[in-house]
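Undergrad: Order-wise, the sequence lines are chains A and B. Residue numbers for the first sequence follow this note's numbering, beginning at 144 and rising by one. Residue numbers for the second sequence follow this note's numbering, beginning at 17 and rising by one.
Don't take every hint at face value.
[Said to hold, decoys possible] Taking lysine to any residue pairs in the SDA-like style, the calculated list, with each CA pair at most 25 Å apart, reads:
#	chain 1	residue 1	chain 2	residue 2
1	A	K145	A	A159
2	A	K145	B	R102
3	A	K145	B	F103
4	A	K368	B	V284
5	A	K368	B	A295
6	A	K368	B	G288
7	A	K145	B	I98
8	A	K368	B	L280
9	A	K368	B	S287
10	A	K368	A	G347
11	A	K368	A	T344
12	A	K368	A	F268
13	A	K368	A	R338
14	A	K145	A	L421
15	A	K368	B	A297
16	A	K145	A	N417
17	A	K368	B	D299
18	A	K368	B	R294
19	A	K368	A	A342
[To be verified] Anything over 12 Å on all C-beta distances counts as not near chain B; from chain A, calculated:
#	residue
20	T147
21	I152
22	G182
23	I241
24	G311
25	E355
[Said to hold, decoys possible] Chain B stretches covered by chain A per the calculated footprint, using a threshold of three residues with CB under 8 Å from any CB of chain A:
#	stretch
26	94-107
27	228-234
28	266-280
Since the hints were made in silico from the structure, they are not lab data. Using N, Cα and C, we set each Cβ at its ideal position, and we do this for glycine too.
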Amino acid sequence: MKQTLLGAIALVCIAALAMLLAGASPIAGFSALFSGALGGVPQLGETLVQTTALLFPSLAVGFAFRAGLFNIGAEGQLIVGGFCAGLTGAYLGGAGAIAIPAILVAGAIGGGLWGAVAGVIRARFGGNEVIATLMLNILALLLTGYLVSGPLRATDVASAQTATIARGAWLPAILPDSRLTIAFPIALVLAFALRALFAQTVFGYELRAAGEAPEAARRAGIDLKTTALLAMTISGAIAGLGGAAIVDGLLHRFNTELSPGYGFVAIAVALVGNLDPLWIIAASFVFGILQSGALTMQAIAHVPKDVVTFVEGLAIVALAARRYFATRLATTRT
Amino acid sequence: VNALATLETLLVLTLVKAAPLVYAALGGVLCERSGVVNIALEGMLVVGAFAGALAAFFTGSALLGVVAGVLAAALLGAMLGIAATRFGVDQIVAGTGLNLLAVGGASFGLVVAFGQPGASPEVPALGQRGEIALIALAIVLAFALEWALRQTPWGLRVRACGENPAAVRSAGVDPQAVRLAAVIAGSAIAGLGGVYLSLGELNLYSDGMTAGRGFIALAAVIFGRWTPLGALGAALFFGAFSALEFVLQRAGIPSELMQALPYLAALVALSGFAGRVRAPAADGVPFV
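Only chain A is shown next, with the shape it has when bound in the complex (with noise of 0.2 Å):
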């Protein structure tokens, strides 16, 4: 806690420094920061949009690192889920009842599969997940960026994107002036439901004996081979379904620029979470104000807002440094 608290200030005084170096004052940066972030409904609807969107690659991730998995790839299966969920949605007509469900769905079922090929990699090849999802993050650009540019391209716009989603089919907003929709709670919803699931079923159970003690876990008669590939699966998922709930509440069709590495500041968010779907609601919150109050903080105070991204990556080389992951590593390794 101490060391946490510590490695907190320690960042925010790198954050500070970095400002004065663009030649703006770190308190004009800070309070645009926080009033970008928090200053009103709609500022704080914005943070709450970006809360989301956050929170579902890290609750993935998480879920992953649980079963003691690596999933490098969230970002990867959040765009192929977008994908899976714009295409959908090109092709439903308006109707919510229907389509809604049927938009997060197709995104759970197409960031599923793409965890899976890294799941199948691991568990049927032995082959290194991590590299596999990185290797499968940028095919996710690649192959979505060569169907929206091509064979599925919408005929109405100049730039690569899918058809717009029916209007009747978008997500429901919840808060007046603001982007916020019904994917905010249902990831909320999502995020305790995981944790009744790893505190309180036997497949939960599985997962986590699979990750911290994959030897016990084995001669107790847990498959972990179909624990990685459920694991990779249902990760995959999670991520994929952030990718629908983006699409489909935010900008209505599917394009290539709908995450701006929501999935790897995802791994940041999970280890501040300390990996417990609670903590990493809160977490997500905190960088939610980040990415949301980055903008202003430009704006206002004139300090790039690319700080954001340097500290993001600051702070989770110093996450990285907790001896719990080192030991897990070793483990699970070999």
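Since the structure of chain A is already known, use the hints to place chain B on it.
TA: Only chain B this time, still in chain A's reference frame:
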């Protein structure tokens, strides 16, 4: 004559496209053979390219740019190396963080140093001769590293650290020091790939100019089975496909499919379809 000209273009383009991959992949091989997974190769290309352009702009000397680019990448490597050896961190997580840090830092640096986002102004570059020299150096370096890893005591130590660091310590050598040096050196080599992009092939830095080459290099490390010459071959192979992509795009073949090839190849190699691939036994495992 026309076919010959095309072939010549293809060969030249292959070398041009392969050079940064060769540097990054050789850096990756050196890190991983010592037992530290380096998925921050992309970040090292970014800081190498950015620091190179930055120094060349402010000193007016492309050569000083090369030095700065290499040093910047080595610094990022030192962060990874110290984190991996001193703190026993999870190297995958740290590498992911370093990639974000590099990309964010370079974008931020562009605004701070040049007052404009997106790209730097034109900077003094190495010119065609310099570019050729860098390409030649990449190939020479691959052979030199292969020889050094196989034939020198230093190479033996590096390889031993990647396979069994406890044995290295029993032999009276500090595996952490060997690993740290290997990671810094490997990162510096990867930085040369970044320098090649901003001062060799072009004469400026722009956001996104590395375009995922660090990840292709990672694929080349695996495809080349963690050996320098193997990585060289894989990088040339991937470079040839980049070159073909250029030519075939005019014939209507979608470029995304060609770009996807290195990544698909890596997945196939990972799945063991191209024969057994085996990473160094202690690759990515902190030694405590």
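Undergrad: Run every hint past the structure and note whether it holds.
TA: Okay, the hints, checked on the actual structure:
1. K145(A) - A159(A): Holds, because 21 Å separates the two Cα atoms, which is no more than 25 Å.
2. K145(A) - R102(B): 20 Å, holds
3. K145(A) - F103(B): Holds - the C-alpha atoms of F103(B) and K145(A) are around 17 Å apart, at most 25 Å.
4. K368(A) - V284(B): 19 Å, holds
5. K368(A) - A295(B): 20 Å, holds
6. K368(A) - G288(B): The hint holds at about 17 Å.
7. K145(A) - I98(B): With Cα atoms ~22 Å apart, K145(A) and I98(B) stay inside 25 Å; holds.
8. K368(A) - L280(B): Roughly 23 Å separates the two Cα atoms, so the pair holds.
9. K368(A) - S287(B): Within the cut-off at roughly 15 Å; holds.
10. K368(A) - G347(A): 15 Å, holds
11. K368(A) - T344(A): Holds. K368(A) to T344(A) sits at ~19 Å (cutoff 25 Å).
12. K368(A) - F268(A): 10 Å, holds
13. K368(A) - R338(A): The hint holds at about 23 Å.
14. K145(A) - L421(A): Judged against 25 Å, a Cα distance of about 21 Å means the pair holds.
15. K368(A) - A297(B): 21 Å, holds
16. K145(A) - N417(A): 15 Å, holds
17. K368(A) - D299(B): 22 Å, holds
18. K368(A) - R294(B): 19 Å, holds
19. K368(A) - A342(A): 22 Å, holds
20. T147: For T147(A), whose nearest Cβ neighbour in chain B is about 15 Å away, the distance exceeds 12 Å, so it holds.
21. I152: Nearest chain B Cβ is 18 Å from I152(A), so the label holds.
22. G182: 24 Å, holds
23. I241: 33 Å, holds
24. G311: At about 33 Å from chain B, G311(A) clears the 12 Å cut-off, so the statement holds.
25. E355: At about 15 Å from chain B, E355(A) clears the 12 Å cut-off, so the statement holds.
26. 94-107: The restraint on the stretch 94-107 of chain B holds, since 7 of its residues have a Cβ under 8 Å from chain A and three suffice.
27. 228-234: Answer holds; 3 residues pass the 8 Å Cβ test.
28. 266-280: Holds: 7 residues of the stretch 266-280 of chain B have a Cβ under 8 Å from chain A.
Consistency with the previously given hints is maintained throughout, with no hint failing.
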